[in-house]
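Engineer: Sequence:
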Amino acid sequence: MQKKKIKIRPPDDMHQARWMARAIYSLKLSLFSSQLKLNTKDKEALLDISLFIVTIYVKPWLQWILAVKAPYNDLSFLKSLKAYEKVNESISKAALQKFSQHL
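Going by our numbering, the sequence shown runs without a break in its numbering and finishes at 129.
FYI, nobody ran anything at the bench for these hints, they're computed from the structure. Watch out, some of these pointers could steer you wrong.
Keeping only pairs whose Cα atoms sit at most 30 angstroms apart, straight-line, the calculated DSS-like set for lysine-lysine is [what the hints assert, rightly or not]:
1. Lys105 <-> Lys85
2. Lys124 <-> Lys112
3. Lys108 <-> Lys63
4. Lys31 <-> Lys69
5. Lys85 <-> Lys30
6. Lys54 <-> Lys30
7. Lys67 <-> Lys54
8. Lys108 <-> Lys67
9. Lys29 <-> Lys69
10. Lys112 <-> Lys69
11. Lys54 <-> Lys112
12. Lys69 <-> Lys85
13. Lys108 <-> Lys54
14. Lys124 <-> Lys95
15. Lys29 <-> Lys95
16. Lys95 <-> Lys67
17. Lys33 <-> Lys85
18. Lys108 <-> Lys85
19. Lys63 <-> Lys31
20. Lys85 <-> Lys124
21. Lys95 <-> Lys69
22. Lys33 <-> Lys54
23. Lys85 <-> Lys54
24. Lys54 <-> Lys105
25. Lys33 <-> Lys67
26. Lys67 <-> Lys31
27. Lys29 <-> Lys85
28. Lys108 <-> Lys119
29. Lys69 <-> Lys33
30. Lys108 <-> Lys95
31. Lys54 <-> Lys124
32. Lys63 <-> Lys105
33. Lys112 <-> Lys85
34. Lys63 <-> Lys30
35. Lys119 <-> Lys105
36. Lys105 <-> Lys95
37. Lys33 <-> Lys108
38. Lys69 <-> Lys119
None of these values were measured; they are calculated from a predicted model.
Can you make the complete structure from the sequences, with help from the hints?
Structural biologist: Below is the structure:
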């Protein structure tokens with residue numbers, strides 16, 4: 027029995043609507059990172075962004091469909107981003123800056 031090869035295709039151009047597709051792609055790369063030829067710096071960056079996605083971004087992304095709770099969700103997300111500075115200051119600041127442009 028032949029083993030099936032898993033083929034991971036690179037994502038298309040990044041647009042606002044494609045951010046979650048890029049996030050999912052990053053998580054896939056993290057899962058298969060032991061099978062990829064990545065240098066230490068790239069592995070760490072991939073782990074950093076994956077940690078941000080899982081711990082900070084997923085919950086608000088799923089809740090943003092609830093328009094009634096939008097102000098509360100935005101405030102909670104901003105607080106989470108500010109608290110995330112203790113984990114990774116550069117990702118937190120970049121996300122805060124980008125999110126602030128949408129307020």
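Engineer: Could you run down the list of hints and mark each one as holding or not?
Structural biologist: So, going through the hints one by one against the coordinates:
no., hint, in the structure
1, Lys105 <-> Lys85, "13 angstroms, holds"
2, Lys124 <-> Lys112, "19 angstroms, holds"
3, Lys108 <-> Lys63, "33 angstroms, violated"
4, Lys31 <-> Lys69, "22 angstroms, holds"
5, Lys85 <-> Lys30, "34 angstroms, violated"
6, Lys54 <-> Lys30, "17 angstroms, holds"
7, Lys67 <-> Lys54, "18 angstroms, holds"
8, Lys108 <-> Lys67, "25 angstroms, holds"
9, Lys29 <-> Lys69, "26 angstroms, holds"
10, Lys112 <-> Lys69, "20 angstroms, holds"
11, Lys54 <-> Lys112, "25 angstroms, holds"
12, Lys69 <-> Lys85, "24 angstroms, holds"
13, Lys108 <-> Lys54, "26 angstroms, holds"
14, Lys124 <-> Lys95, "21 angstroms, holds"
15, Lys29 <-> Lys95, "48 angstroms, violated"
16, Lys95 <-> Lys67, "39 angstroms, violated"
17, Lys33 <-> Lys85, "29 angstroms, holds"
18, Lys108 <-> Lys85, "16 angstroms, holds"
19, Lys63 <-> Lys31, "16 angstroms, holds"
20, Lys85 <-> Lys124, "18 angstroms, holds"
21, Lys95 <-> Lys69, "36 angstroms, violated"
22, Lys33 <-> Lys54, "11 angstroms, holds"
23, Lys85 <-> Lys54, "18 angstroms, holds"
24, Lys54 <-> Lys105, "27 angstroms, holds"
25, Lys33 <-> Lys67, "23 angstroms, holds"
26, Lys67 <-> Lys31, "26 angstroms, holds"
27, Lys29 <-> Lys85, "36 angstroms, violated"
28, Lys108 <-> Lys119, "8 angstroms, holds"
29, Lys69 <-> Lys33, "19 angstroms, holds"
30, Lys108 <-> Lys95, "20 angstroms, holds"
31, Lys54 <-> Lys124, "24 angstroms, holds"
32, Lys63 <-> Lys105, "36 angstroms, violated"
33, Lys112 <-> Lys85, "19 angstroms, holds"
34, Lys63 <-> Lys30, "20 angstroms, holds"
35, Lys119 <-> Lys105, "12 angstroms, holds"
36, Lys105 <-> Lys95, "15 angstroms, holds"
37, Lys33 <-> Lys108, "37 angstroms, violated"
38, Lys69 <-> Lys119, "21 angstroms, holds"
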